[in-house]
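Following the hints, put chains B, C and D in place on chain A, whose structure we already have.
Number of protein chains: 4
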Amino acid sequence: MRFFSDNAAPACQAVLDALAEANRVDTAYDGDEWSKRLDGVFSDLFGTPARALWVTTGTAANCIGLATLCPPYGGILCHRDAHIEVDEAGAPGFFTHGGKLILVDGPGAKISVEAAAEARAQIRADVHQVQPKALSITNATEYGLTYSPDEIAALGEFARSHGLGFQLDGARFANAVASTGAEPADLTWRAGVDVMSFGFIKNGGMNAEALIFFRQELADEAMILKKRAGHLSSKGRYAAAQILAMLEGDLWLDNARAANAAARTLAEACGSRLIHPVQANELFVRVTAAEAASLRDQGYDFYDWGPDQIRLVTSWDQDMGAVARLAAAIQAL
Amino acid sequence: MRFFSDNAAPACQAVLDALAEANRVDTAYDGDEWSKRLDGVFSDLFGTPARALWVTTGTAANCIGLATLCPPYGGILCHRDAHIEVDEAGAPGFFTHGGKLILVDGPGAKISVEAAAEARAQIRADVHQVQPKALSITNATEYGLTYSPDEIAALGEFARSHGLGFQLDGARFANAVASTGAEPADLTWRAGVDVMSFGFIKNGGMNAEALIFFRQELADEAMILKKRAGHLSSKGRYAAAQILAMLEGDLWLDNARAANAAARTLAEACGSRLIHPVQANELFVRVTAAEAASLRDQGYDFYDWGPDQIRLVTSWDQDMGAVARLAAAIQAL
Amino acid sequence: MRFFSDNAAPACQAVLDALAEANRVDTAYDGDEWSKRLDGVFSDLFGTPARALWVTTGTAANCIGLATLCPPYGGILCHRDAHIEVDEAGAPGFFTHGGKLILVDGPGAKISVEAAAEARAQIRADVHQVQPKALSITNATEYGLTYSPDEIAALGEFARSHGLGFQLDGARFANAVASTGAEPADLTWRAGVDVMSFGFIKNGGMNAEALIFFRQELADEAMILKKRAGHLSSKGRYAAAQILAMLEGDLWLDNARAANAAARTLAEACGSRLIHPVQANELFVRVTAAEAASLRDQGYDFYDWGPDQIRLVTSWDQDMGAVARLAAAIQAL
Amino acid sequence: MRFFSDNAAPACQAVLDALAEANRVDTAYDGDEWSKRLDGVFSDLFGTPARALWVTTGTAANCIGLATLCPPYGGILCHRDAHIEVDEAGAPGFFTHGGKLILVDGPGAKISVEAAAEARAQIRADVHQVQPKALSITNATEYGLTYSPDEIAALGEFARSHGLGFQLDGARFANAVASTGAEPADLTWRAGVDVMSFGFIKNGGMNAEALIFFRQELADEAMILKKRAGHLSSKGRYAAAQILAMLEGDLWLDNARAANAAARTLAEACGSRLIHPVQANELFVRVTAAEAASLRDQGYDFYDWGPDQIRLVTSWDQDMGAVARLAAAIQAL
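Protein chains in written order, with my numbering: chain A, 756 to 1088; chain B, 756 to 1088; chain C, 756 to 1088; chain D, 756 to 1088.
Isolated chain A, as found in the complex (with noise of 0.2 Å):
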């Protein structure tokens, strides 16, 4: 049983389906009619005019975004533990051309106003110092956190008054929707963000991400990194048309509440044995190497994280049956 990413879950029917549907003679590149729906249907999702670009990875998503706000000589204040500083093999960097991430610390990924500030002070404003251009955050955070709207809005304070751009990182995104309830727009550019990566391959998606701007001047300069990091597909309908099937009818907010009740379940079994508060879809639990080798020779695949930790993530197809027997068998141990 698949406990390891939600990265290697199927595709959800609507994703094939639309693949079908999309399946006829049209423009290419990005000039037919499912992407240039994009921007309407996001505009409508988050209550403000949005420019929306299709990408093909999550790192592609983050670091085009990042580009659009920090020039090659600037920084990026972020997580120790983001995504963009541990996982993407250094695309930032090669993205902007130089920029420097310029890492802050915090409990489960978050990022506090506070520690933001204190890294930052750090920084001597002359020439001699990268100066950090734009602020990062990932929600849900790779520790599987959520951040409130308030948590965001004074981030964004933070990050206007010193004049950064601020980027969110949301390949679970809808995950952080479906726990906090929060509008979408109160999660982003209410708070402040001005381009975000929404993600919807990990809730269900193929091969398609969304890349969002609520700067609209910068979604133009995208549009060019994007063809120029040759990301810009030939045949793009049928990435467009993924992501609009997974917004029809909510099913991107539908697939990423399954994983969190599974998360949820799970959560309940591991009690004490977790180390950080579950709020989306991924668990960090203390096992000993023993529990962990019981666990898997019960059939149930998932990463070791450090010595003595392992790491669930719940997908949008979990079988609740699957997941209850698992509880059971954490609880048994």
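Worth flagging that the hints you see were computed from the coordinates, not collected in a lab.
Careful, some of the hints might be misleading.
As the list makes no split between identical chains, a pair holds if one copy fits it or if it spans any two.
[Said to hold, decoys possible] Computed cross-link-like contacts, SDA-like style, restricted to lysine to any residue with a CA-CA straight-line distance of at most 25 Å:
id: 1; residue 1: Lys791; residue 2: Tyr1055
id: 2; residue 1: Lys791; residue 2: Asp1056
id: 3; residue 1: Lys791; residue 2: Leu771
id: 4; residue 1: Lys791; residue 2: Met1075
id: 5; residue 1: Lys791; residue 2: Asp1005
id: 6; residue 1: Lys791; residue 2: Asn778
id: 7; residue 1: Lys791; residue 2: Thr935
id: 8; residue 1: Lys791; residue 2: Arg915
Just chains B, C and D now, kept in the frame of chain A:
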């Protein structure tokens, strides 16, 4: 009736079927069973050990390949009309970190050894000028011409003797193979090609191209460049599966043969209107503005290509009845 | 007798004296009293508020300036024979992070509005092609021609109307001013120039050029780029002091006049052998290989410049007796 | 009295004399007789074949060297307080095209094998994380500590065994040699160093540092990088000549010994106020704000270095009477 681009054609049914087949849980990124089969099937196809990576666009395939051959301070000899020069938004400069395209002239976007040598001879061998480090050709070319194995072997020898890496943009490699009847090996590694883009998208694929290395050590670096450029899809199995589907039973060749056949039919109708010989699936045709308007009035869709010139591109799925009607319409002009 | 390059000439005595004068304790980098005077003296010289940075080479001056005008994905219109295209080892690509030089033709390495417009017109305004963001000219040009204020103003208007920044490579700006008698202002900011390299090294300096901004906001970014490229010398006062010394009493103009006068003397002797008009301190002369050998036998040192062509460059320190002897030797050929 | 930076000290007379001596016609760039002697004199100094390039700043020397060791997608292990991390404005990212500094902890800005190994061990060997390709140390360190030959050899062995290039920032290498009495060879190539910055500017030079390669093939690439970064001065003879002058008769060592001696005198006066051992020409001293103010009132100039901490830097030209007076003033606090 669409004759404006093979990029606009649908994906073929085998590709859709492969996506459905791959729609089950497996390892993320390129650790899945489909991705792991790529090296083997391309090694078989080419009759030599090869390394094969899926990427999502032809621009990415070209530019990751070139970046393994050309350092940031190097130059790439390519045709003045090459896609990498004209239509990739400076992506070669992005992926190589500033490498320079050194332009070569020649009819039909083909490069001869003489033309390449002449371009190279104009460069002083000192630190003040950018030194060429790679040679890039396109087969079939941007004007629908093909290279013979001997022509490529001569260029390969030129490259080898001057210490240049040799890259092949094979966005329409299938059309070139179908047209020449040459062995894939004779058009590539036996002729000295180090790395190639093997196009599927224009030929019935959805969103996956193959990047093939005939020098193993380059592939390891390309794996890193691919991730760093945001081209390592987390659900990579859908990319690998569609490529495998098109290789199965030589579907890639059948599709290319169909497109080429449609082009030949049109070519016969165009006669002396043709600007270039028709050796693949593109036609460049002299028609007056009034004639072009007349064809459009009859429902044919294509691009203008300079004054009194149009481009017609045939695709794998082209209805031969429609092709025959267009041929007749052209003859009737 | 050296006629091969003004780069080989000595530094003038005032420069050496200035280094000795600056050889006392002061603030490091560019916080010293000499560096702080640069803005003022260049603002006076140009009759407008200007920002002036010392840098150590012309390549750095050109490329830092261009990098403030052209984003990584942009293009720079320049002449096919421009120093930035031919002799800077791809430095514009390095400093702009991949910007593309878009080449313009024209006799004597001069760019006309018509030629610039023609080059620009060949670029489709879409994301597939690199869009021009800047125009760069050289005055005096690589072939020793000068621009009139009107010619530059026309180019400035072209740049302005198309949203292009306008950079001037003034490695031999002094020679151009001396030759035309034009006001520095009329050759620069009044004609629409945004940023310029003001050369001193070829004109009697040792190792400092000035990078001048007529748009203040660009200079702040240039300060960062300069440091980031390793061009902020820790003992910057020696650079500033030598520039100040050459501005003092119009020494820069006297030196350029001397070099130009030597060139005129030679030009009269060359007569119909001249390939380009001689408007500054360079001569391109038709001589046979035997004639070139004869001149070299008489002790004159110069570069070959293609078959049956040589280049003669006069310098600020040229002995007029030697110049007269070379003139006679040429006439005697 | 200046104790704020050795960057502010004058150039020594031998350097000024060398500039005057080099002030005659010779080949441009680095083709002159002085530049051609550099390989030889540094090969003699180090007792091994070496290649030596002049560059105009320490940042350029460090970053060109690092760029020959680290590809754009690689990482460089360095101390958290290293100059390349803290004070070079992201220049390593610029010169390497996005390489990442991987930070190592350790007292006094020194790196131990254990600390380097620990930092390296936290990196997964997959394409998702930036892999280290080089190790960089500074000797003397940013806190004035020196490495012994054995310490460097251990780091060299660590680098070699993990396939890392090994770079030495020797902005104050002279002070380290003077302090330890070690052979230059034992602090560099015999200990596994591949490339080093050999500082002259802080030690009595004007505007030239040396970039030394102990692996010949790297120097050829560095020549290109140097030109491409605008660091190939057209009148390079002035740079080479000043370096030669400082090597003559071991002037570089005499200057460093003088600075170190001044520091030792102050160190004795500081006693338990010292934050780090004083092994070169820098002192980090605990004084209250009131005490710092008192010293400043007495005419001593220095930088604050955090709360209740100051930095004193002695220079080659320091008047020992003034040093003695400052020592007394500190003791009198």
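Okay, the hints, checked on the actual structure:
In this assembly of identical chains, the alpha carbons of Lys791 and Tyr1055 lie at most 25 Å apart only when taken from different copies (23 Å versus 43 Å within one copy). Within a single copy, Lys791 and Asp1056 get their C-alpha atoms only as close as 40 Å, which misses the 25 Å cut-off; across copies the closest is 20 Å, which meets it. Proximity of Lys791 to Leu771 under the C-alpha cut-off of 25 Å is found in both arrangements, the shortest distances being 20 Å within a copy and 23 Å between copies. Taking the shortest alpha-carbon separations for Lys791 and Met1075, neither the intra-copy value of 38 Å nor the inter-copy value of 31 Å comes in at or below 25 Å.
Taking the shortest Cα distances, Lys791 and Asp1005 sit within 25 Å of each other inside one copy (20 Å), while across copies they are farther apart (35 Å). Taking identical chains as interchangeable, the C-alpha atoms of Lys791 and Asn778 lie at most 25 Å apart only when both belong to the same chain, with a minimum of 16 Å there against 27 Å between chains. Proximity of Lys791 and Thr935 under a CA criterion of 25 Å is satisfied in neither setting, with 30 Å inside one chain copy and 40 Å between copies. For the identical chains of this complex, Lys791 and Arg915 are neighbours neither inside a copy (31 Å) nor across copies (32 Å), given an alpha-carbon limit of 25 Å.
The structure does not agree with the numbered hints 4, 7 and 8 stated previously, though it agrees with the rest.
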